[in-house]
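As you go down the protein sequences, you meet chains B and V in turn.
Residue 1 is where the first sequence starts when you use the working numbering, and the numbers rise one by one after that.
Residue 1 is where the second sequence starts when you use the working numbering, and the numbers rise one by one after that.
Don't read these hints as lab results, they were simulated from the structure.
Check before you lean on any hint, since a few could be wrong.
The list cannot tell twin chains apart, which means a pair is met if one copy fits it or any two copies do.
Claimed, not checked - Think about it this way: if two alpha-carbon atoms lie no more than 20 Å apart in a straight line, the pair counts; the simulated SDA-like pairs of lysine to any residue are: (1) K326 - D264; (2) K213 - L243; (3) K373 - P301; (4) K373 - E105; (5) K222 - A28; (6) K276 - R175; (7) K165 - Q278; (8) K213 - K276; (9) K326 - R351; (10) K213 - D53; (11) K387 - R351; (12) K166 - P221; (13) K178 - G151; (14) K222 - I23; (15) K222 - W415; (16) K373 - H103; (17) K350 - V320.
A quick note: this is a predicted structure, and the numbers were derived from the prediction, not measured.
Number of protein chains: 2
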Amino acid sequence: MSTPLPTASIITIGDELLIGQTIDTNSAFIAQALNQVGIWVRRRVAVGDQYRDIQEALNQESVSSDLILITGGLGPTSDDITKPLLCDYFGGKLIRNQSVLEHIEHLFTQVYRRPGPLLERNIKQADVPDNCEVLPNAIGTAPGMLFRKDGKIFISLPGVPAEMKKLITDEVIPRIVKECATASIQHRTLLTAGAGESILAEALTNFESALPKNLKLAYLPKYGMVKLRLTYIGESELTGKALLDEQFLILSETIQQWRIAEEDIGLEVLIGNWLKEQNKTMGTAESCTGGSIAQLMTSVPGSSAYFIGSVVSYANRIKVEMLGVKEETLQTVGAVSEKAVREMIEGGLKRMGTDYMVSVSGILGPGGATPEKPVGTVWIAAGTKDKIITRQLNLRFDRSRNTTITTHQCLLLLWELLKTNEG
Amino acid sequence: MSTPLPTASIITIGDELLIGQTIDTNSAFIAQALNQVGIWVRRRVAVGDQYRDIQEALNQESVSSDLILITGGLGPTSDDITKPLLCDYFGGKLIRNQSVLEHIEHLFTQVYRRPGPLLERNIKQADVPDNCEVLPNAIGTAPGMLFRKDGKIFISLPGVPAEMKKLITDEVIPRIVKECATASIQHRTLLTAGAGESILAEALTNFESALPKNLKLAYLPKYGMVKLRLTYIGESELTGKALLDEQFLILSETIQQWRIAEEDIGLEVLIGNWLKEQNKTMGTAESCTGGSIAQLMTSVPGSSAYFIGSVVSYANRIKVEMLGVKEETLQTVGAVSEKAVREMIEGGLKRMGTDYMVSVSGILGPGGATPEKPVGTVWIAAGTKDKIITRQLNLRFDRSRNTTITTHQCLLLLWELLKTNEG
Numbered sequence: 001m002s003t004p005l006p007t008a009s010i011i012t013i014g015d016e017l018l019i020g021q022t023i024d025t026n027s028a029f030i031a032q033a034l035n036q037v038g039i040w041v042r043r044r045v046a047v048g049d050q051y052r053d054i055q056e057a058l059n060q061e062s063v064s065s066d067l068i069l070i071t072g073g074l075g076p077t078s079d080d081i082t083k084p085l086l087c088d089y090f091g092g093k094l095i096r097n098q099s100v101l102e103h104i105e106h107l108f109t110q111v112y113r114r115p116g117p118l119l120e121r122n123i124k125q126a127d128v129p130d131n132c133e134v135l136p137n138a139i140g141t142a143p144g145m146l147f148r149k150d151g152k153i154f155i156s157l158p159g160v161p162a163e164m165k166k167l168i169t170d171e172v173i174p175r176i177v178k179e180c181a182t183a184s185i186q187h188r189t190l191l192t193a194g195a196g197e198s199i200l201a202e203a204l205t206n207f208e209s210a211l212p213k214n215l216k217l218a219y220l221p222k223y224g225m226v227k228l229r230l231t232y233i234g235e236s237e238l239t240g241k242a243l244l245d246e247q248f249l250i251l252s253e254t255i256q257q258w259r260i261a262e263e264d265i266g267l268e269v270l271i272g273n274w275l276k277e278q279n280k281t282m283g284t285a286e287s288c289t290g291g292s293i294a295q296l297m298t299s300v301p302g303s304s305a306y307f308i309g310s311v312v313s314y315a316n317r318i319k320v321e322m323l324g325v326k327e328e329t330l331q332t333v334g335a336v337s338e339k340a341v342r343e344m345i346e347g348g349l350k351r352m353g354t355d356y357m358v359s360v361s362g363i364l365g366p367g368g369a370t371p372e373k374p375v376g377t378v379w380i381a382a383g384t385k386d387k388i389i390t391r392q393l394n395l396r397f398d399r400s401r402n403t404t405i406t407t408h409q410c411l412l413l414l415w416e417l418l419k420t421n422e423g
Numbered sequence: 001m002s003t004p005l006p007t008a009s010i011i012t013i014g015d016e017l018l019i020g021q022t023i024d025t026n027s028a029f030i031a032q033a034l035n036q037v038g039i040w041v042r043r044r045v046a047v048g049d050q051y052r053d054i055q056e057a058l059n060q061e062s063v064s065s066d067l068i069l070i071t072g073g074l075g076p077t078s079d080d081i082t083k084p085l086l087c088d089y090f091g092g093k094l095i096r097n098q099s100v101l102e103h104i105e106h107l108f109t110q111v112y113r114r115p116g117p118l119l120e121r122n123i124k125q126a127d128v129p130d131n132c133e134v135l136p137n138a139i140g141t142a143p144g145m146l147f148r149k150d151g152k153i154f155i156s157l158p159g160v161p162a163e164m165k166k167l168i169t170d171e172v173i174p175r176i177v178k179e180c181a182t183a184s185i186q187h188r189t190l191l192t193a194g195a196g197e198s199i200l201a202e203a204l205t206n207f208e209s210a211l212p213k214n215l216k217l218a219y220l221p222k223y224g225m226v227k228l229r230l231t232y233i234g235e236s237e238l239t240g241k242a243l244l245d246e247q248f249l250i251l252s253e254t255i256q257q258w259r260i261a262e263e264d265i266g267l268e269v270l271i272g273n274w275l276k277e278q279n280k281t282m283g284t285a286e287s288c289t290g291g292s293i294a295q296l297m298t299s300v301p302g303s304s305a306y307f308i309g310s311v312v313s314y315a316n317r318i319k320v321e322m323l324g325v326k327e328e329t330l331q332t333v334g335a336v337s338e339k340a341v342r343e344m345i346e347g348g349l350k351r352m353g354t355d356y357m358v359s360v361s362g363i364l365g366p367g368g369a370t371p372e373k374p375v376g377t378v379w380i381a382a383g384t385k386d387k388i389i390t391r392q393l394n395l396r397f398d399r400s401r402n403t404t405i406t407t408h409q410c411l412l413l414l415w416e417l418l419k420t421n422e423g
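The task is simple: from the sequences and hints, build the whole structure.
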């Protein structure tokens, strides 16, 4: 990865990022957008709302990056100090921008419908350094700003994710494409399940040692699966595509026994596409996951075409009344049992009238354990009226991670069932 | 914030962080843990799997930070280059650590139950630089490593969140507390709803200008609410506590009309605690949110004491069959209507037998809009058998953010209802 590509740094500003109160999701979006136009993000730096630290970051990042993206610190409150600093740093002075002011007035009167005159602090958001190019923020009050210094481009954007995203897509990327001689960065990702990192790496030893210089393989474990990502970085889009086509095919064949999908796709999309194509429907009967499988499935736009609904039977009473689980089952083997998840499938299919059903019951922790069923004991099932498959999980993480893994393992089990019903 | 506290930098390693494939959640955890023992995180830096970039980050961060935490790059696959680099950087050489090796053998045979002999690449995880202090990783194969150079402490940890967290808690923090003369960083956070950042800032103009030097106020907008965080950074824990007590009281009174809670607490915890204290139960009847309210409520350990269940009626058929919404309602005013969410409350209360119920039906986008009901039209309700309150939302974001905001607005509405039923 030593091709002379245009490189970028992302600087995020805000104490909330340094005390762990907020997780930075902006940088991931920006990095993806820059990658797509052939710009390699070398570094991401988060600094607090401190003049000296922001200044130091600007100095350091401009040494080796061609493009410096800054997010945050542009709000209407006094903990935001970015704008005065940018004035000092680039030697400009604040002037009121009439078109930004009109836009702010429009937002407050027409969109937010806030009564009364504009506050002084909102009017001040229309003040921008006189040596920047203003990037209009269609859905918020703080505009983006583009500066140039010593052949480098600096772009400052608000930290509100929706506003930042729209500015990147509509204003930043088109300008960058026009100005930077962009190279080519291409990724191709393969999704696997059923083998850990070391097993995969063992199977791929020969593949990796024979990999051409400008290709790189990465292992990304996630939710009990492993993504394999092949990246090309180089000058030619065509060469990159050809190399990736060739090597990706070998990669995919080498690990085919664990292959789930040949793209970086969520199980919720993979399953959704399959159901849509086959014109089938599904639902979920969830206990310990509390609706998280339903939530993941419906996070996909258009999922109403195949996702019918869910019964979250957190209390045993609901398992009996709304899913037809037998009292006897609960009293003999308990709610966390193969029998219970089977009955949840049967009841769910009957009451929701779907083609497929997923069910789950378990103890995700920290409480709820019994001598026979420690924390992490989970039963999952997937079924149709003709066939039900079940599996027991023994998880060993915290509640939140146990929930996420269980959710994905349920969808993997459903995927297994869908594949056996194919063709 | 210019007190001479021990300061830290966090370096995260991995191309996946730079191409936007992975969102860094590790840093937030580390920052919180360090803050609690009086160490201020100055900077967080993410770099790729490149020797030179990692080296540069180590050089830069050790200039002004006392403690440098490094995560990632320690896996068993060849894209992980951190360990050789640490050898070069601190002038050590790799030696096999017997106790780490035994631990790895134990994990593979007893915990993972993997058949056959250890792979060479797993054995190599027991190789550590001979000049580091080994920090045992109880739940994973890659140990943590502590180095000292020029009066600074460097700690390298695996990137797997569960392993990193356990190492921070069990190994890193106890060592740091013993070694660093820790100062005091204290935060107090207040949760508000119903006013934007500028309105709050306007109400707090006098408060902010009278704030003592070592206190700082931050505004953190989230899910349609705003958190106000007051931070003390200084040398004395007692002075800090006294100052915070005094100023937080004024802050809280000044904005009391928008105050929801006097701590940094999620609505799901706030509501859960209330229900538990009053010995009441709740359930949800969700359409467009697809189970996300149930999922948020059940993310709290012990929520089975008050959360009974949920019907996710994504298809209209389920609204009728499982929640008793009238066919006539769907045909006249439609599923996205005040009438429908009222009937969902009534049906939900009856079928699930809870004291409280929340319901929601809306169009979160990008598809599903009609001329009368644009994307972002959402009806929400909260009710008991005696009283139902409803509200219409008009959201203007993408599907994912619309879902999150709707989820929180539903819980805010429920909170409003709970407060009127108090005492």
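Here is what the structure says about each hint:
{"no.": "1", "hint": "K326 - D264", "verdict": "neither (41 Å within a copy, 42 Å between copies)"}
{"no.": "2", "hint": "K213 - L243", "verdict": "within (11 Å within a copy, 59 Å between copies)"}
{"no.": "3", "hint": "K373 - P301", "verdict": "between (38 Å within a copy, 17 Å between copies)"}
{"no.": "4", "hint": "K373 - E105", "verdict": "neither (61 Å within a copy, 26 Å between copies)"}
{"no.": "5", "hint": "K222 - A28", "verdict": "both (16 Å within a copy, 19 Å between copies)"}
{"no.": "6", "hint": "K276 - R175", "verdict": "neither (39 Å within a copy, 55 Å between copies)"}
{"no.": "7", "hint": "K165 - Q278", "verdict": "neither (35 Å within a copy, 43 Å between copies)"}
{"no.": "8", "hint": "K213 - K276", "verdict": "neither (41 Å within a copy, 61 Å between copies)"}
{"no.": "9", "hint": "K326 - R351", "verdict": "both (15 Å within a copy, 18 Å between copies)"}
{"no.": "10", "hint": "K213 - D53", "verdict": "between (38 Å within a copy, 19 Å between copies)"}
{"no.": "11", "hint": "K387 - R351", "verdict": "within (17 Å within a copy, 29 Å between copies)"}
{"no.": "12", "hint": "K166 - P221", "verdict": "between (30 Å within a copy, 18 Å between copies)"}
{"no.": "13", "hint": "K178 - G151", "verdict": "within (15 Å within a copy, 48 Å between copies)"}
{"no.": "14", "hint": "K222 - I23", "verdict": "both (18 Å within a copy, 12 Å between copies)"}
{"no.": "15", "hint": "K222 - W415", "verdict": "within (17 Å within a copy, 35 Å between copies)"}
{"no.": "16", "hint": "K373 - H103", "verdict": "neither (60 Å within a copy, 26 Å between copies)"}
{"no.": "17", "hint": "K350 - V320", "verdict": "both (13 Å within a copy, 15 Å between copies)"}
Violated hints for the displayed structure, listed by number in ascending order: 1, 4, 6, 7, 8, 16.
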